[in-house]
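Each chain, letter by letter, is given below.
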Amino acid sequence: MELIGFAFFQRALFSALLAGIACGIVGVWIVTMRISFIGVAISHAAFAGALLGLVLGKSVIFFSFLFSFLACAVLGPLSDKGQLHPDTSIGIIFSSTLGLAFLFMGVLPEGKSQALNLLWGSILTITHQDTILLVITVALLIIVSILFFKELQSVIFNREMAKASGISATIFFYLILFLSGMTISTTLKSVGGLLVFALVINPAAAAYQITYSLKKMYLLSTLFGVLSGWGGLFLAAQFNLPAGASIVIVSTVIFIFSVLFSPKRVNNEN
Amino acid sequence: MKNIKIKLNNISVGYLTETVIHGLSTEIAEGEFVGLFGPNGAGKTTLLCAINGLAQITEGNLYIDNTEFNIFNENKFRRVMGYVPQHFDIDPKIPILAEEVVSMGRYGKTGLLRFPSTKDKDFITEVCALLEIQHLLKKPFGQLSGGERKRVLIARALVKDPEIMLFDEIFAWLDVKMIDRVIAIIREIQTKRRITTLMVSHDIEIIKTLCTRIIWMEDGKIVFDGDRENFLKKLEVKQWN
Numbered sequence: 364m365e366l367i368g369f370a371f372f373q374r375a376l377f378s379a380l381l382a383g384i385a386c387g388i389v390g391v392w393i394v395t396m397r398i399s400f401i402g403v404a405i406s407h408a409a410f411a412g413a414l415l416g417l418v419l420g421k422s423v424i425f426f427s428f429l430f431s432f433l434a435c436a437v438l439g440p441l442s443d444k445g446q447l448h449p450d451t452s453i454g455i456i457f458s459s460t461l462g463l464a465f466l467f468m469g470v471l472p473e474g475k476s477q478a479l480n481l482l483w484g485s486i487l488t489i490t491h492q493d494t495i496l497l498v499i500t501v502a503l504l505i506i507v508s509i510l511f512f513k514e515l516q517s518v519i520f521n522r523e524m525a526k527a528s529g530i531s532a533t534i535f536f537y538l539i540l541f542l543s544g545m546t547i548s549t550t551l552k553s554v555g556g557l558l559v560f561a562l563v564i565n566p567a568a569a570a571y572q573i574t575y576s577l578k579k580m581y582l583l584s585t586l587f588g589v590l591s592g593w594g595g596l597f598l599a600a601q602f603n604l605p606a607g608a609s610i611v612i613v614s615t616v617i618f619i620f621s622v623l624f625s626p627k628r629v630n631n632e633n
Numbered sequence: 290m291k292n293i294k295i296k297l298n299n300i301s302v303g304y305l306t307e308t309v310i311h312g313l314s315t316e317i318a319e320g321e322f323v324g325l326f327g328p329n330g331a332g333k334t335t336l337l338c339a340i341n342g343l344a345q346i347t348e349g350n351l352y353i354d355n356t357e358f359n360i361f362n363e364n365k366f367r368r369v370m371g372y373v374p375q376h377f378d379i380d381p382k383i384p385i386l387a388e389e390v391v392s393m394g395r396y397g398k399t400g401l402l403r404f405p406s407t408k409d410k411d412f413i414t415e416v417c418a419l420l421e422i423q424h425l426l427k428k429p430f431g432q433l434s435g436g437e438r439k440r441v442l443i444a445r446a447l448v449k450d451p452e453i454m455l456f457d458e459i460f461a462w463l464d465v466k467m468i469d470r471v472i473a474i475i476r477e478i479q480t481k482r483r484i485t486t487l488m489v490s491h492d493i494e495i496i497k498t499l500c501t502r503i504i505w506m507e508d509g510k511i512v513f514d515g516d517r518e519n520f521l522k523k524l525e526v527k528q529w530n
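Just so you know, the protein sequences line up as chains U and X, in that order.
Heads up: the first sequence begins at 364 in this note's numbering, then just goes up one per residue.
Heads up: the second sequence begins at 290 in this note's numbering, then just goes up one per residue.
One chain only, chain X, in its complex shape:
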């Protein structure tokens, strides 16, 4: 029996007056790689944001490692969750270098009034080598291209040595060569560490390649939840209809 890493119990999530997710329940086991698939506005990004507490759960409960996620323990859980957002607008003149952006991923774990140790720095160097971003580190983050920023943000999420990864359309902006490279890296990490991962993607090929389980969402609800083979069958039926 696998440990349940994330449990969503009848959650509703909304922004101001609008409810985006309606009474959604599911469980994600430790080490599972789950793809979140569905049309625009289905609530996939909102679901990721609800899991790391960036979007407010208005009803229901979220459990991480069988402990309810709340405002008192949210930072403890966020320190073991890597998150790569879909959109990331920033002023090109911002006085922050790419290497500082990567290190920021580790700051929560480092703690207040402490600076990253040699061990932390070695781990950061290792992650940067894995993502082949060493040549970008001394550049201002705002001056990087969309694809380069994405790789830096992936590194930022990985340097905290996460137990849970939340990827939101991470392959957007990447060229074909880099998509293959990132897929290979994710597979390598998955084989070594078995991080529980939720990945939002519109790309069926990527979902098929990486995910062992797919959750299909529409209008803030789950319309399909199953393995890769059944997902492909459902997709075929949907296309014929």
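Bound-form chain U, shown alone:
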């Protein structure tokens, strides 16, 4: 526990707090709207973009943003208009972005360690700039969740019905997708391209098992996200494990407990 005294570990704890809040909020939208297939595709696109940034020697986060936004721009209309079954679109985007990621990894001019850091995450080496971007993302997510609570709630309930009520449901759907892309891009370095999606889904899915209130779901999901982040960090420090993988394991354990003790499960069984 003497690690707490070190600046890098304090920065990692702060980043885990921010990543937990950001992924917790985005997870609520993705889980309640049942669009996890889009989230998976976005996270893989972000990973491929980050690797292209490395290849070109440019900003990893910028290219990660760019690729995740492109994935949103492709997947959004497909999902919105129902022209392609989600299984098909996820299959195409998932495999092609993963293909691109490995292609970029293959042509990396220097060693592969940076690429592997993006794959598994390296929360202990997070920079000041990364933290600032995470702060901006979290602030934006909190502001949007509060200011547009009623519109987002309507879209979560049913997009068609939200439209029929005179709400610009399509605009809010795209806002959700782009904020998901932004969150995944900014948390990519700390949690890792392959693992970030678990931190989006698991805390929100655990909260979903527990409450019938959307406001409480936001709070529980962010709480579970932060607990996963901090729990994972301490596990990693204690047993010398990879931090990203430990965070995801803790979030999975929280999810399993939430399913076992879910009041909704009891209700449905009755």
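Just so you know, these hints were derived from the structure itself, not from any lab.
Accuracy of the hints is not assured; some may be wrong.
Stated by the list, open to error - Restricting the straight-line Cα-Cα distance to at most 25 Å, the calculated cross-link-like pairs of lysine-lysine (PhoX-like) are: (1) LYS627/U to LYS427/X; (2) LYS522/X to LYS481/X; (3) LYS579/U to LYS382/X; (4) LYS578/U to LYS428/X; (5) LYS579/U to LYS291/X; (6) LYS578/U to LYS410/X; (7) LYS398/X to LYS294/X; (8) LYS627/U to LYS382/X; (9) LYS427/X to LYS579/U; (10) LYS428/X to LYS627/U; (11) LYS578/U to LYS398/X; (12) LYS578/U to LYS382/X; (13) LYS497/X to LYS578/U; (14) LYS578/U to LYS408/X; (15) LYS410/X to LYS579/U.
Based on the hints, put chain X in the right spot on chain U.
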């Protein structure tokens, strides 16, 4: 001379490659209660969805209050249209209460960055009392029965204080007592507010009871459009044939 509330000018409506409604034209006057009748696949639900813009009109024009409905003004018109869909599947675990579902009907009218006022809340309470759903309000929407959900959705459509109502098989899932209750409520609202209403139903008794005009559709076209008496005559001829 009555004001024309809804005018459909030679509209065709389709989903992806399939055209469901073919060149349909009609006018609905303000305060009219129109029943949409016909076999499955006739295009009745699609017609309702075309009027509130949920189904895409591929040809022709739709006018509400003599103004063409388009993507720039669709939300303005939707805020005065109540819509109750036929099917409504939802995850039983969804973290949304029945009272929130009812309030959502008012959100479009409330506007961005604003929350329902006391006046809005009083009106919502009044509508819930009318539909006798106060005891359901604190329950999760996904945990309600089919009939209870239907009543909550009717309340959701009414809380926006609509000028146009679009009902799609609203009596399905309701028990006999509740059907009578909902018919009485609709009549009461109709007497007080004279909302222009289009109602899809397979139930001839309900159509006869509520509608003053009936549009009979088959294969995406209108095969009969007239008053209740002529509709019954047409029905009789159809049955004999």
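Okay, the hints, checked on the actual structure:
Restraint check for LYS627/U and LYS427/X: the C-alpha separation of about 16 Å stays at or below 25 Å, so the hint holds. At most 25 Å may separate the alpha-carbon atoms for a hinted pair to count; LYS522/X and LYS481/X exceed this at roughly 30 Å. For a cut-off of 25 Å, the pair hint linking LYS579/U to LYS382/X stands: about 14 Å separates their Cα positions. Distance check on the hinted pair: LYS578/U and LYS428/X sit about 15 Å apart at the alpha-carbon level, within 25 Å; holds.
A distance of roughly 51 Å separates the Cα atoms of LYS579/U and LYS291/X; the hinted pair therefore is violated under the 25 Å criterion. Distance restraint check for LYS578/U and LYS410/X: the Cα-Cα separation of roughly 19 Å lies within the 25 Å cut-off, and the hinted pair is therefore satisfied. A threshold of 25 Å between alpha carbons decides the hint, and for LYS398/X with LYS294/X the separation of about 20 Å falls inside it, so the pair holds. For the hint pairing LYS627/U with LYS382/X, the CA-to-CA distance comes to about 7 Å; that is within 25 Å, so the pair holds.
A C-alpha spacing of about 15 Å is found between LYS427/X and LYS579/U, which places the hinted pair at or below 25 Å, so the restraint holds. At roughly 13 Å between alpha-carbon atoms, LYS428/X and LYS627/U fall within 25 Å of each other, so this suggested pair holds. A hinted pair counts as satisfied when its Cα atoms are at most 25 Å apart, and LYS578/U with LYS398/X qualifies at roughly 22 Å. Of the supplied pair hints, the one linking LYS578/U and LYS382/X holds, its CA atoms being roughly 15 Å apart against a limit of 25 Å.
Distance check on the hinted pair: LYS497/X and LYS578/U sit about 45 Å apart at the alpha-carbon level, beyond 25 Å; violated. At most 25 Å may separate the alpha-carbon atoms for a hinted pair to count; LYS578/U and LYS408/X meet this at roughly 24 Å. Proximity of LYS410/X to LYS579/U is assessed by CA-CA distance (about 22 Å); at most 25 Å being required, the pair is judged to hold.
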